[in-house]
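Asks: Given next are the chains, with one letter for each unit.
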Amino acid sequence: MLSLVNGSQTIGNSRGFWLAFLAVLALALIYPIFADSYDVGNFSYFLIWIFMALGLSLIWGYGGMLSFGQTFFFGIAGYSYGVLAIIMGGGSMTILALVLSVLIAALAAAVLGYFMIWGRIGGVFFGIVTLAATLSLAFFLGQTAGPEWHIGGARLNGFNGMKGMDPLTVGDIYIEGTLLYYVMIALILIVYLGLRMLVNSSIGNVIVAMREDPQRAEMLGYDVRKYQLLTFAVGSGLAGLSGALYTSWGQFITPSSIGLPAAAMPIVWVAFSGRSDLTATLIGSFLLLFGFQTITIYSQQAALVLMGGLLLATVMVMPQGFIFGIAQLVSSRWKRRPRPKKKRDPDRDAHSQMRRS
Amino acid sequence: MVTARRTGAPRGQWVQRASCIRLRPEGLVFAELFSRFYQFADVFSFLILASAGLAIVFGMMGVINMAHGEFIMCGAYVTVGLVNLGVPLPLAQIMAAIMAGVIGVVVEVLIVRRFYRRPLDSLLATWGLSLIVTQGTLLIVGSSIRGIGTPEGSFAVGYYTFSTYRMILFACALAVLSGIYILFMRTRFGVIARATMQNAGMAQALGARTGRIYAVSFGIGAGLAGLCGALYAPTMTLIPTMGATFIVESFVTVVIGGANVLLGTAPAAVFLGLVRMTLNAGYGQIIGQIGMLFAVILIIRILPEGFSSILVRRGR
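Chains A and B are the protein sequences, given in the same order. End of the first sequence = 357 in this note's numbering, gap-free, step of one. End of the second sequence = 316 in this note's numbering, gap-free, step of one.
Just chain A, same shape as in the assembly (with noise of 0.2 Å):
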């Protein structure tokens, strides 16, 4: 089961690579001795959208399904994690309030994928009917600004956003600080390696195989739609995830975090780091996030427009993606040399950029 890490769907599968991990790990382990505890906050910020960026690799590069809806099922989740929250009242409920609200966005992604699935919507329709109902989601919550617009004791509070949620809770600790840090590593572990035996098992091999040609794949005797219907209610449960991880880090949740551009930024981190590979994935979104909350402290606009940009030299000059094309272009001059032994890990370039940040 567990030798499902290592397979042909993905890169980095050398002993040389989960050394560089391993060493990456010990890095992210130790880091919150040397760092201060605001830039602790900060690094879990990132981590939380990780797990929307792995859902949407999964989704768009694995399963071939171009979702422009992630933020629909972060949004979902995000907010319901902060009605379940307040609903069922903080304390130790609040793991309970996560976990229904992953199952309410993977349960949504199911209801809406189904309708578009089984209505054989691919290719550019998949894109932009998920994006509409994201715009109409971020547009309605836009619109319950008014006291009737509450669950239960939980206003949404349209635009100003909703709020008064109790973060993750085990008995009377907070889950805040380092102690939300480190269980963001360690999700990020699970949901990392979990996703690299789930598409190196035999079911990624059929969504791989779907992507490549679903008629194929039909022919060979899949049901393809309920392979995809699999997918893309897993990555959009990675979605949810992240929004309601979100919305515990901040004790608050507002639309914006659903509409344009927010909906666009999942798209950019997941195609320039390459889609077809979730270690590249890892890696590119977190420089991107990273790089991103560096220059929004000076100006958001220009940050977006940046994003923007490379999104756009993305697809004009890397379609596969920026640090998978380094990848491959590192690991195939290392493999033409004459001696293989010494053969360098193709993705130890891209993690040594990541420890350097």
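Each hint should be verified, as a subset may be incorrect.
Stated by the list, open to error - Derived coverage of chain A by chain B (criterion: at least 3 residues anywhere in the stretch with Cβ under 8 Å from a Cβ of chain B; other residues may be distant):
no., region
1, 115 to 125
2, 251 to 265
To be verified - According to the in silico footprint, chain B covers these stretches of chain A (three or more CB under 8 Å from chain B):
no., region
3, 130 to 137
4, 304 to 312
What the hints contain is simulated information worked out from the structure, not anything from laboratory work. By construction, the Cβ of each residue, glycine as well, lies at the ideal position given by its N, Cα and C atoms.
On the provided structure of chain A, position chain B as indicated by the hints.
Replies: Relative to chain A, chain B alone:
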């Protein structure tokens, strides 16, 4: 559409006149019917004007132009800028549409042209462009510019008064539809364009310059988007992100219109207009928009190829 409601003349709702004239019952019925028609016409013209440009670009090239909203924004900004300089409104609107069209041709040549074989990448490229333009405008122009008021003028039917400008918009929507029909069905360009649409390789072999046809079609699409922005500029608050208010409606119209744009867009707009009008009148704007989205999701489940598929089948 959100911002459209905030300012400008009452829309979808009607002002009761102070001086009530006693009407005979049949006059009342007519007024009621006309008011329904007015609301329908309002939604219908919005859908047609917002989606015509997108539909042409999609129909011709299979490309969904994610920067469609930004061409609309461009049309609106140019119109308002020109009016503030003293240009009469109709002239400013025409110039804005042409301006958007020219920019569209430039965008086609520089960017979109490379992606005809990769429609999904064209989506991403135009979305990147959209981000750059929206946020760039925010950086350069600022969050809002001084708007222009809706042209005055109203007319009365029975107890109700209606804005004349809304009726002009309806006329423009019909004019755009017939213009597209004439352009594609009655001109030499239209014949070549339809040939390119059906089989680009064959059309090229017969001597059509498909590259130029694509550029012109994209320009027409962008120009129509600019026209939409120009026409709605007087009724809206102008913000750089205003394109987003149009794109949901234009997307869903194109999606359920289906692949054959010349046949699909108008019936799709009629259907969505009816759904929207009924829900708006009964339950308000929010339910109207969400109900429309649900209708779209149901329609794509029942008619995956959109309305044009029924018409095409009938026609055979």
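Asks: Now tell me if each hint is right for this structure.
Replies: Checked hints:
As drawn, the region 115 to 125 of chain A meets chain B at 9 residues by the rule of a beta-carbon pair under 8 Å; at three or more, the given contact holds. Given as covered by chain B, the region 251 to 265 of chain A passes the check, having 4 residues with a CB less than 8 Å from a CB of that chain where 3 are the minimum. Evaluation of the coverage hint for the region 130 to 137 of chain A: fulfilled, as 5 residues show C-beta separations to chain B shorter than 8 Å, against a requirement of three. Closer than 8 Å: that is the beta-carbon criterion, and the region 304 to 312 of chain A has 8 residues meeting it against chain B, so the requirement of 3 holds.
Violation of the numbered hints given earlier is absent; every hint is satisfied by the structure.
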